[in-house]
Structure formats: structure tokens, C-alpha cells
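*Asks:* Sequence:
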Amino acid sequence: KARQSSSEPWVGLNCAGCHSTDISYRGSELTVDAGATLANVQAIFDEVLAALRRTSDDGDKFARFAGNVL
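Take the sequence shown: its position 69, counted from the start at 1, is 57 in the numbering used here, and no numbers get skipped.
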């Protein structure tokens, strides 16, 4: 059971984060919803975590983040 209330701000992916893709062919583009993904979701999470660590470790970056987000 999730231990969060509905008043807490959260961010995350829903199903469309993985199960949507764009296919380009001869100048046309088609969005496929609810299909297989071509995304490397683990790489996305790894990059987000690395960015959060860099922000946490850099006082100037964290101050900008805190001023804009927190």
C-alpha cells in the first residue's frame, strides 16, 4: 500500500511513458499508443538519478533547483 497522501506532490511515469512510440517513414510520422516501446527505460532512470546526484552535490545547481521547484 502506498504511504502517500493525495496532497503530496509526486512525479512519475504512467503506462504511456513506456507504451507509446513514434515511427517515422518517408517524411511521415505515426504515433503508436499502447504498443511496445523502443525506449531504454533503465537508461532514462539512470540519467535522472545521475542528474539528481549532480544537483545535490553542486550548491549552485541545488539553489537554482530549490528556488524553482521546492
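No lab work stands behind these hints: they were computed from the structure. Please note that a few of the clues may not be correct.
Unchecked claim - With beta-carbon atoms standing in for the labels, derived distance ranges: (1) K49 x G23: 35 to 43 Å; (2) E17 x A38: 43 to 51 Å; (3) I32 x N56: 29 to 37 Å; (4) R14 x F53: 37 to 45 Å; (5) L18 x V57: 19 to 27 Å; (6) D21 x F50: 16 to 24 Å; (7) A38 x G5: 41 to 49 Å.
Quick reminder that beta carbons are idealized off the backbone N, C-alpha and C, glycines included.
*Asks:* Given the hint of 43 to 51 Å, is the C-beta distance from E17 to A38 inside that range or not?
*Replies:* violated, 30 Å
*Asks:* Given the hint of 16 to 24 Å, is the C-beta distance from D21 to F50 inside that range or not?
*Replies:* violated, 37 Å
*Asks:* Using the Cβ atoms, figure out if A38 sits within 41 to 49 Å of G5.
*Replies:* Check failed, 19 Å falls outside 41 to 49 Å.
*Asks:* Given a hint of 29 to 37 Å, does the C-beta separation of I32 and N56 actually sit inside it?
*Replies:* Cβ of I32 to Cβ of N56: about 21 Å, so the range 29 to 37 Å is violated.
*Asks:* If you check the beta carbons of L18 and V57, does the distance land in 19 to 27 Å?
*Replies:* violated, 35 Å
*Asks:* At the C-beta level, are R14 and F53 separated by a distance inside 37 to 45 Å?
*Replies:* Holds, since R14 and F53 (Cβ atoms, about 42 Å apart) stay within the stated range.
*Asks:* Is 35 to 43 Å a correct range for the gap between the Cβ atoms of K49 and G23?
*Replies:* Holds, since K49 and G23 (Cβ atoms, about 37 Å apart) stay within the stated range.
Figure legend: structure checked against the earlier numbered hints; hints not met, in rising order: 2, 3, 5, 6, 7.
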